[in-house]
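K.L.:
Single-letter residue listing:
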Amino acid sequence: MIPIPAISAANHDFKRGIQAGLSIAIGYLPIAFTYGLLAKSSGLSLLETVGMSIIVFAGASQYIALSMIAAGTGAFEIIITAFIMNIRHLLMSASLNEKMEEDAKWRKAIYGFLITDETFSVAATRTERKLASSFMLGLGLTAYGSWVINSGIGYLIGAGLPETIQAGMAVALYAMFIGLLVPSAKKSSKVILLAGTAALLNSLFSLYEPLSGGWGIILSTIISAAGIEFLMKEEAHGN
Amino acid sequence: METNLLWMIAGMGVVTYLPRVLPLISLDTAVIPRKWQSILKNVPFAILGALIFPGILHINEGSVWYGIVGAGVALLSSWLNWNIILVVLSSVLAVSLFSFLGL
Chain H
1 MIPIPAISAA NHDFKRGIQA GLSIAIGYLP IAFTYGLLAK SSGLSLLETV
51 GMSIIVFAGA SQYIALSMIA AGTGAFEIII TAFIMNIRHL LMSASLNEKM
101 EEDAKWRKAI YGFLITDETF SVAATRTERK LASSFMLGLG LTAYGSWVIN
151 SGIGYLIGAG LPETIQAGMA VALYAMFIGL LVPSAKKSSK VILLAGTAAL
201 LNSLFSLYEP LSGGWGIILS TIISAAGIEF LMKEEAHGN
Chain P
1 METNLLWMIA GMGVVTYLPR VLPLISLDTA VIPRKWQSIL KNVPFAILGA
51 LIFPGILHIN EGSVWYGIVG AGVALLSSWL NWNIILVVLS SVLAVSLFSF
101 LGL
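Chains H and P supply the protein sequences, listed in that same order.
The first sequence maps to residues 1 to 239 in UniProt numbering.
The second sequence maps to residues 1 to 103 in UniProt numbering.
Derived by calculation from the structure, the hints in this document are not laboratory data.
The beta-carbon is built from N, C-alpha and C at its ideal position, and this holds for glycine as well.
Please note that the accuracy of each hint is not assured.
What the hints assert, rightly or not - Taking beta-carbon pairs under 10 Å as the criterion, some of the chain H residues facing chain P (in silico): (1) Ile31; (2) Ser45; (3) Ile64; (4) Met169; (5) Leu193; (6) Leu219.
To be verified - Within a straight-line C-alpha distance of at most 30 Å, the following computed DSSO-like cross-link-like pairs (lysine-lysine) qualify: (7) H:Lys187 x P:Lys41; (8) H:Lys186 x P:Lys35; (9) P:Lys41 x H:Lys233; (10) H:Lys40 x H:Lys99; (11) P:Lys35 x H:Lys15; (12) H:Lys186 x H:Lys233; (13) P:Lys35 x H:Lys99; (14) P:Lys41 x H:Lys190; (15) H:Lys130 x H:Lys99; (16) H:Lys15 x H:Lys105; (17) H:Lys105 x H:Lys130; (18) H:Lys15 x H:Lys130.
All chains should be modelled from the sequences, with the hints used to inform the complete structure.
P.N.:
Now the structure itself:
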């Protein structure tokens with residue numbers, strides 16, 4: 001016998017996941033579109049552009065990869081940068097694990113691929129005590145679909161946009177980063193200190209050719225994240 | 001597909017997937033020392049700062065003012081708690097207008 005009630009419950013959770021993912025799908029639209037446009041101007045093929053979105057599915061890492069490819073940076077540096085940038089997902093995944101229902105490892109390995117800053121944020125702030133795997137799958141696939149499809153659309157028709165709109169689109173990613181940073185910065189001076197220190201260090205590193213681009217971002221992030229943690233701890237001991 | 005680029009994309013895929021999935025499928029590795037947890041919690045904010053500066057100043061080859069206009073509008077709109085979609089769209093519109101006016 002097929003356990004029909006279980007299937008329809010999973011179906012229901014999947015649909016609720018899709019609904020919860022719609023805001024992310026809309027939010028990804030201009031970012032993915034611009035990624036596709038920039039990928040084309042960086043000299044990638046359509047297959048490479050959409051392939052990176054399908055395999056990597058990490059907005060900031062993909063943007064950085066494009067600028068590093070354009071700057072002639074090596075693949076190793078780009079992979080290390082992608083790793084450093086996505087280490088934070090360890091914490092998100094660990095925290096989300098507490099909220100997810102028990103399930104087979106292979107199912108967790110599937111929806112785990114769909115964890116991003118945005119899908120994590122939406123899932124982590126849900127009021128349910130436990131979330132179903134099928135909810136996370138619906139949420140993640142909605143965001144993923146938007147990311148992949150709009151990457152391709154941006155590649156195909158992005159260059160047909162008027163030049164002024166293209167000039168404007170170039171700021172989209174940075175505006176998103178600012179939009180992600182400001183709400184936290186308003187609540188915590190430590191956030192301002194972390195971002196400000198890394199921004200200052202990266203600006204300094206960018207003046208020195210070997211450290212401009214990828215390694216500068218890695219170094220300034222590590223120095224800021226570890227250094228400020230160390231200094232604040234020292235201060236706490238001193239008091 | 002260019003071979004070097006294919007390997008780069010595959011490598012990026014692996015290093016992006018592992019941190020997402022390891023804590024989910026093996027609870028033991030989720031027990032990270034507290035000091036490392038604090039540093040990892042700092043990483044997103046530090047990296048956002050390094051990503052924004054100095055990159056935003058170089059969105060237009062001719063002038064840093066494109067980036068300054070875009071940053072100003074994004075800062076203001078996100079300070080006013082606008083939805084992130086509106087933050088992105090208003091900043092894009094402002095820079096487009098700036099470009100259109102040829103300032």
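K.L.:
Now, for every hint given, state plainly whether the structure supports it.
P.N.:
Verification of the hints:
| no. | hint | verdict |
| --- | --- | --- |
| 1 | Ile31 | holds, 7 Å |
| 2 | Ser45 | holds, 7 Å |
| 3 | Ile64 | holds, 7 Å |
| 4 | Met169 | holds, 6 Å |
| 5 | Leu193 | holds, 9 Å |
| 6 | Leu219 | holds, 9 Å |
| 7 | H:Lys187 x P:Lys41 | holds, 15 Å |
| 8 | H:Lys186 x P:Lys35 | holds, 25 Å |
| 9 | P:Lys41 x H:Lys233 | holds, 15 Å |
| 10 | H:Lys40 x H:Lys99 | violated, 40 Å |
| 11 | P:Lys35 x H:Lys15 | violated, 39 Å |
| 12 | H:Lys186 x H:Lys233 | holds, 22 Å |
| 13 | P:Lys35 x H:Lys99 | holds, 23 Å |
| 14 | P:Lys41 x H:Lys190 | holds, 11 Å |
| 15 | H:Lys130 x H:Lys99 | holds, 5 Å |
| 16 | H:Lys15 x H:Lys105 | holds, 22 Å |
| 17 | H:Lys105 x H:Lys130 | holds, 17 Å |
| 18 | H:Lys15 x H:Lys130 | holds, 16 Å |
The structure is inconsistent with the numbered hints 10 and 11, although it conforms to all the rest.
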